[in-house]
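Protein chains in written order, with the numbering used here: chain A, 217 to 550; chain B, 217 to 550; chain C, 217 to 550; chain D, 217 to 550.
Note that these hints are calculated values from the structure, not bench results.
Do not rely on the hints blindly, as some may be mistaken.
Because identical chains share one entry, a pair is satisfied inside a single copy or across any pair of copies.
As the list claims (entries may be wrong) - No more than 25 Å apart at the CA atoms, straight line, and that leaves these computed lysine to any residue pairs for SDA-like:
1. LYS310 / GLY341
2. LYS275 / SER533
3. LYS452 / PHE396
4. LYS498 / THR510
5. LYS530 / GLU395
6. LYS337 / GLY480
Number of protein chains: 4
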Amino acid sequence: MAASLGFRGAASGLWYWSGRRRPVGSLAAVCSRSMASKTPVGFIGLGNMGNPMAKNLMKHGYPLILYDVFPDVCKEFKEAGEQVASSPAEVAEKADRIITMLPSSMNAVEVYSGANGILKKVKKGSLLIDSSTMILQFQKNGKRSEKMGAVFMDAPVSGGVGAARSGNLTFMVGGVEDEFAAAQELLECMGSNVVYCGAVGTGQSAQICNNMLLAISMIGTAEAMNLGIRSGLDPKLLAKILNMSSGRCWSSDTYNPVPGFMHGVPSSNNYQGGFGTTLMAKDLGLAQDSATSTKTPILLGSLAHQIYRMMCSKGYSKKDFSSVFQYLREEEPF
Amino acid sequence: MAASLGFRGAASGLWYWSGRRRPVGSLAAVCSRSMASKTPVGFIGLGNMGNPMAKNLMKHGYPLILYDVFPDVCKEFKEAGEQVASSPAEVAEKADRIITMLPSSMNAVEVYSGANGILKKVKKGSLLIDSSTMILQFQKNGKRSEKMGAVFMDAPVSGGVGAARSGNLTFMVGGVEDEFAAAQELLECMGSNVVYCGAVGTGQSAQICNNMLLAISMIGTAEAMNLGIRSGLDPKLLAKILNMSSGRCWSSDTYNPVPGFMHGVPSSNNYQGGFGTTLMAKDLGLAQDSATSTKTPILLGSLAHQIYRMMCSKGYSKKDFSSVFQYLREEEPF
Amino acid sequence: MAASLGFRGAASGLWYWSGRRRPVGSLAAVCSRSMASKTPVGFIGLGNMGNPMAKNLMKHGYPLILYDVFPDVCKEFKEAGEQVASSPAEVAEKADRIITMLPSSMNAVEVYSGANGILKKVKKGSLLIDSSTMILQFQKNGKRSEKMGAVFMDAPVSGGVGAARSGNLTFMVGGVEDEFAAAQELLECMGSNVVYCGAVGTGQSAQICNNMLLAISMIGTAEAMNLGIRSGLDPKLLAKILNMSSGRCWSSDTYNPVPGFMHGVPSSNNYQGGFGTTLMAKDLGLAQDSATSTKTPILLGSLAHQIYRMMCSKGYSKKDFSSVFQYLREEEPF
Amino acid sequence: MAASLGFRGAASGLWYWSGRRRPVGSLAAVCSRSMASKTPVGFIGLGNMGNPMAKNLMKHGYPLILYDVFPDVCKEFKEAGEQVASSPAEVAEKADRIITMLPSSMNAVEVYSGANGILKKVKKGSLLIDSSTMILQFQKNGKRSEKMGAVFMDAPVSGGVGAARSGNLTFMVGGVEDEFAAAQELLECMGSNVVYCGAVGTGQSAQICNNMLLAISMIGTAEAMNLGIRSGLDPKLLAKILNMSSGRCWSSDTYNPVPGFMHGVPSSNNYQGGFGTTLMAKDLGLAQDSATSTKTPILLGSLAHQIYRMMCSKGYSKKDFSSVFQYLREEEPF
């Protein structure tokens, strides 16, 4: 990903929502309702994901205070009349609700606790919402924010760049329940589903559980399809049977890993695009950590982790995670 | 299972169809259309599954020639005017379409190749449809039937006793395509989905693939739900999130293994009823065999097999297979 | 393996015995002791393994009646004065102790139950010793032999071609205990360890258990060595530490899979020679079958099976099974 | 473990060394050689392991400066004339070689970096040797020590309480090579094997690799023994066969998990004593972390981790880790 994009959004969710999508037109209504009294919102991290998210806040009438390590990516916002700050600390000085969308734990440390970080100038009662995907950092930033009298929430996001643009992201939110409404008001400008999950960190936990189950059912689908094909079944027919049956899952009915019979999915595009094998391996590492700290047995989750780790070392690291079908399939007769 | 039930149907499918169910009333229409010229159909094995299946054939106006090793189970059919034969051979003499629904390979050997078996008297061109679940026997009975000039099809059934009663079973059919229409005519009296899968044995293969994927996604769901709960998430909320997301599967949205928030599923009834752990272990053994003979790697399928085998030895053998959640959950703090 | 070798011995054992080896010279003593009264011994299957085994019987003074599907391989025995038969049946007519060393189940069926098979002419009380590796066939041939009044034993062999030549094979013998002494007399001409295991089939079972444990500890050694090396440890030092410690195993101290510091093992010869990955995958399939039929949970054994199956499809099929280290190692940074 | 024991030694090693044991008598020689010029050695943590280790240093003539959070455990040392300090900082002031033997990461943080920790008063050039088992803390304490001008080494210990008493422990040492001799001088008073492994942390890595391989081969042995027994083999005979063969490992020949035929091992004492399942699960968690950070695939290691985690929740947490045989064995017929 080009450096000029600034902070990239950590879009490691790949959630496709079956729910109602935001209807065209409702936006105007929402905007007009609350345009009057809007206080500025801070937004830090204007990468692939953050950029369209910030624009959706603008559309809803929120004045923005922006920051990104790459000043270039703030240009178009400046031209549109928004304020650009010179540091996260300055954002914290000028806004009492701040959203961060950062690519890595290291960035999160710097943005929150760095020499010019948010926590240097954060005001009491400010609301800090982190939509990145960094489990350990959440805890630390949460505690440090609390010490400063601020309110911290984790709100990892699902849905990819397309959903970010159309305002159809999903947010899983962890934090103090009393403050949820304040966060929801902002997040609903950017997403069609905003789910309250519980204490700080639970938003992240929900995402990790989903991605672990996703990895397991994707590998399972690949194994079952491969076994069926080798037993003489037509893949399209087999998928149809599974999808009418108890084997049905998102990986079989929406994102089938077998090339050639489903349109618009990575398997039909040489496993390009989508959710990379490396990212899945990373998320399964988080699941592993979480399972170890809670003493939870995850037999299949743990093996799925190892399988994606193997794939990363065999040339699949940049392919979509559904390429596990190809990995299992590449057989020579013996 | 009580001996008086005679042959039990091998209902190891647990397919729940999302498709259109047979509307009440359509039955009459179907019956009247074809009542006129119906030739008798043989039916061997009148257990839990076979009994209601045979009744559905009757409702559609087919005269039956029945046989079961336990003569008692034929009584009610006799009283309703159907013929009861004294052996499978006699059935083969009197009917040229025969359906078998048998509980084990041993029964299948006897019924087909025994001293008074079908193949002793089968007529050239007869159609033999076996709805049992016995992979190896299919091949043998298929070949022997062919030698005798008969047509053999495997048509394993999915949907359980309820679906057998309501005529909403699903049949996955393997056999010569030209003869499929003839089988379909009968099977549609008993099921709402009749899917042609390919050559003899492919019906069975499709069912095995489905059940393997089912086992994998059920264990995966149990692991993910358990991990989430231990991380502080409410189970009902977590299920809702998964079901809106890419982790969604039949095991999470229709048959959730966590007790307490979904009605009418075994998990809310102390894991009674449903599809037993022992049967799932057996089906995974068939998947293992099939994978070995086709050299297919099934890493998760193979581990799922071992997990269900462990459960069978820890007191879960008669519980529904979703009790894997309980198996993983039963933790003492340490 | 060249077709001209005739039946290949099924040397899928790879047992290296730490015990006392047959001292040079002892042979003469053994020979002189029993030379006088020796009755002919039948030997069927003169491949890589069978050829040197038969020669060791000759050295001990046993007249042989030989058979192989490839008559050429019998030539040198004929020139040395031994009888060559035209079929297994003829061997059975002329010898009342017969050893078979066959490469596959199909060969075993033909040799025992074929049109000119042993069982056509076997004499009552004859002793049939099968040193091949074919679990199911053992049972069948055992039963059929018994029906004919003959005694059947399975005596799978371990130690490879080198051990076959030097008369240092190990035999694990299953069969009626009363007849063990008769088998032992012959087997000790070819092996330095002849272990009585129990009823027919237990020789085979012992070999399967050993090979399953071998596969598990080999993969475990490869994982541990790889993890250590990636953590900055010198491989030779790590091996030394393991071998002084509780992680010690045959795979770490005698057959280390890491290239470069142990001489005379496949890992130092680009994984050439040794015991092929395909054969290991086959033996693990037998373990899987055995576990399924005895309802034994084999979690690691089952996963080891899948790992060797994957390797077979990734170009490792002809390499030694210790190449699993290379398979795990081939990592690109990511 | 009773609180009065003070710091418990983190004896998670279970290494049994085949090497030469310290001969009786050599002790005197060592002592006299260096008695003259001995400077005091600091020792922090006098639990099960630390207590006999410190005593062995005393026997070799080293004056000690002792500390434990539970002052009672220092009494007998005080009575024997050794100095007891009131904090780790005081130890650091008075000694320039300090050995720490602590039960958990939390203790290590406090002892090194706490308000009265070692690093408050450590002298330039001091040698700090940590024999605990806490992978992450090693790195941090190492770096902090270095900042203060001190030299840090990790020297995890193997061999259990018996070996601690007899001075037959093994130390795997990680740290700057130039300083190894200084550490070795002390460690050889307490152990018969002192192995230099490389940079800081490699001592710990070696121990983790060993224990992971140990877990894998123990489970593998349990599976193979169980499979053999269920196939009709006598366990003692099977163990003998494995131990003569390529399946041989420490778990099969020295610590066999099957009760009844090997003396002095936990399996013959209802799995009491030995190395607890919980500790093995903990060490496998460290292996998992290490594998994740080095991107090493550990398929069997990862599954072994989950198996020991399952066992912890099924009442095996306090049994010896060889009880995995019992866990797999507890089968009801089905």
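Against the structure, the hints come out as follows:
1. LYS310 / GLY341: Answer is within; shortest intra-copy Cα gap is 13 Å, inter-copy 49 Å.
2. LYS275 / SER533: Classified as neither; 37 Å inside a copy, 57 Å across copies.
3. LYS452 / PHE396: The answer is between: 19 Å across copies meets 25 Å, while 45 Å in one copy does not.
4. LYS498 / THR510: Both, since 19 Å and 12 Å are each at most 25 Å.
5. LYS530 / GLU395: This pair counts as neither: shortest intra-copy Cα distance 46 Å, inter-copy 41 Å.
6. LYS337 / GLY480: Answer is neither: 46 Å inside a copy and 55 Å across each miss the 25 Å cutoff.
In terms of the numbered hints stated before, the structure departs from hints 2, 5, 6, listed from lowest to highest.
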